[in-house]
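Go ahead and model the full structure; you've got the sequences and the hints to work with.
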Amino acid sequence: MLKQIEGSLGIAEAVALCRPGAVCAYPISPQTHIVENVGKFVKEGKLQDCEFVNVESEFSAMSVSIGASAGGVRTYTATASQGLLYMVEGIYNASGLGLPIVMTVASRAIGAPINIWNDHSDSLSQRDSGWLQLFCESNQDALDTHIMAFKIAEEVGLPVMVCMDGFVLTHAFERLDIPSQEQIDSFLPEYQPKEFLDPKEPISMGAMVGPEAFTELRFLIQRKMEKALDVIERVTKEYRELTGHHSGGLLDCYRCEDAELKLIILGSSVGTAKDEVDRLRDQGIKVGIISLKSYRPFPYAKLREAIGDCKKVVCLERSFSYGARGIICPEVKRAMEGTDCDIRTTVAGLGGRAIFGSTINKIVHASLEGKLKDEITWIDMDTKLLNSYLKDAEGVTVPEDALVDDSVLKATVGHA
Amino acid sequence: MLQIRLHGRGGQGVVTAAEMLSLSAFLEGHFAQAFPSFGSERTGAPVVAYARIDNKEIRTHEPILEPDAVVVQDRTLLTALDVFAGISDQGFAIINSAEAPEQIVPELCERLPKGHVLTVPATDFAMQKIGRPLPGAPMIAALAAATGVFKLESVQKSFQSRYPGKVGDANAETAALAYEFIMNVKNGGQNA
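Listed in order, the protein sequences are those of chains A and B.
Quick note: the first sequence, position 244, residue 244 per the numbering used here, numbers continuous.
Position in the second sequence (first residue = 1) + 1000 = the numbering used here.
By construction, these hints were calculated from the structure, which means they are not laboratory data.
Fair warning: there could be bad hints in the mix.
What the hints assert, rightly or not - Straight line, CA to CA, 25 angstroms or less: simulated SDA-like cross-link-like pairs of lysine to any residue: (1) A:LYS40 x B:VAL1167; (2) A:LYS43 x B:ARG1162; (3) A:LYS46 x A:MET1.
This is the structure in C-alpha cells:
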C-alpha cells in the first residue's frame, strides 16, 4: 500500500508487521518518532500480543531487550548516538548470548560537542560488538531492511542494527510502499527460539566461561558472521521476489558498467550521488557507485567482485578514526589486496554537514584529476573556519581552499 | 522536478506545511518529498523546510539551494535573512502579507516574471477561520494557485486527513480563501 509518510512512521509500520512480542526503548533524537509510533500501535491494539516497556535509560532498554529476547520473544528497540553508547555493555551481551534483537540506529554524531545531526560515527563505534550492521539508502530501503533484519537475525542467531541516517531519512516525508500483513506473515514465520529462559525448565545463559573455551566461543560468533553473508543474500532474494522492492543486499551497484572510477558510499548520500552520477555520465565521465549495505559482516568477496578490474576507487566516509584514517577504506583495501587498484578515502558530512551533489562532483573531479594525493582527504573542510582557530591558537594556517589531506595535516604540526 | 523552500518561524507550522505540500502532490499521483532543516527548533526562531515534487522517484536528499519556489510564512524574515537566495529566474515567491508585492519586495518583482511574486494575507485568513496564526494551509494553497502544480482540493484533503474534524476543516476553509485570493490576482481581479 502506498503512503506518503514520515520515514519514522514507515519504520514503525514495518516493525508492527513483524509482530514483535516486546519493544523497549528510551527516547533520543532522531529515533524518537519510531518508538513513539510503535507504542501508539500497541496502545491502539494495532500491534497485538506485544509488550511495550517504558524504561529510564538506554542501558535499561538494552537490558530489557536482552531479557525479553532470552525469554524467547521477538524483540525490537531503537536508539542513536549517546544512547547507543550508553547501551554498550548490553550490546556485547546481546551478541555474546546470540540474541536476535533488531535495533534501529538513527545514525547521529557523537559528542562532545553535543550535536544531534547525522553522521555514521555511532554505529561504526560498535564495529567489533558482534552485531550485524545493515545500512539503508532510502526510507523504502530502511522499511524493507527492518523486515528482512528480523529474519536474518533469527536465522543467523545474532542481533542486527539497521542503520538509517538520522533526520535525513527518519524525518523525511516520502512515498513508501508498505507490504501487507499477509505478505509479511508468509515471509517471516513466528519466532521459534532454539532455547529460551523458561521458569518451568530453568537453564542458565551467559554463565562464566574461562580460558578453556572462550576462544572457541569467539570463533563460533565469527562463524555466524560468515554464515550471515549467505543468509543476507538469500533473505534479500526472497524478499525482493515477494515485494518487487529492490532493497537490502550486501551491496548494490549503480552505473558501474565500464566505470573508470567507483565510489563506495553508505546510507542516504547514495541517492544524492546517483543524481550526480547521472549528470557526470551525461558529460561522458565514467563513474559508478557501490552502495555498501552490509558493514558487518563485511562482504570482502562480493566487494572485490563489484570493484572488478576498475583501477580507481574512492570511499565517502561520514566518520573516521582519530589517530588512524578512514574506517571503511582499510576494509576496501583488504578486499582488494594483491591488486593494483588505487583506493582512497574522503571524509565528509560530519555532524550533519550536508552532502550535496556538488560534494560528489568535487570528489569525482579531485580523484580523476589526481588531486587525492593521500589516502585520506577531508573533502568538505571549511579552511577559513579552520584557519580562524589555528592562526590565533598556534600561528599556523592551511592554504585557503586547499584539499585538506594527510600532508596538509602534517604540515600544520611541523611534520614533513 | 519542482523544488520548494519554505521559510517561517518556529510554531507557525512550517514543517507541517512542507509535509502537507508533499502529501497534496502524492494524492495527485506525483512523487514528493518533504523534510525540515533540522536544528534545535524554538518558538519564534527562523525555520526552513523543503519539498520536492517530481514524476519519477526522488533520490536526492540534499537541502535545496536553488528553489523553483520560495514560500515565506513570516514577512519579518525578509529583513532577517536572504530567503530568496538561489531562486531560479523563472521561480515563484509567495509571501504572507496584506501588502502588495511591489511594496515589500520591489527588486524581486523586477527580477522574476510578472505574476511570479505574490502576497497573500494568510495570517488574516487563518485568524478568521482557525482563530490562530497558522498560515501553513493558506500559504501552500496560494502556491497551488500560483503554480497550478497541485489542486486546492488536495491541499484541503491533506489537512483534513492530518487533522480530522474541526481543525482540518478550518484549515481547508482557510486554504480556499487563499486559493481564491491568488486566482483573483492572476485573473486581474480587485486584489491585483
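query: Okay, which hints does this one fail, numbers in order?
result: none
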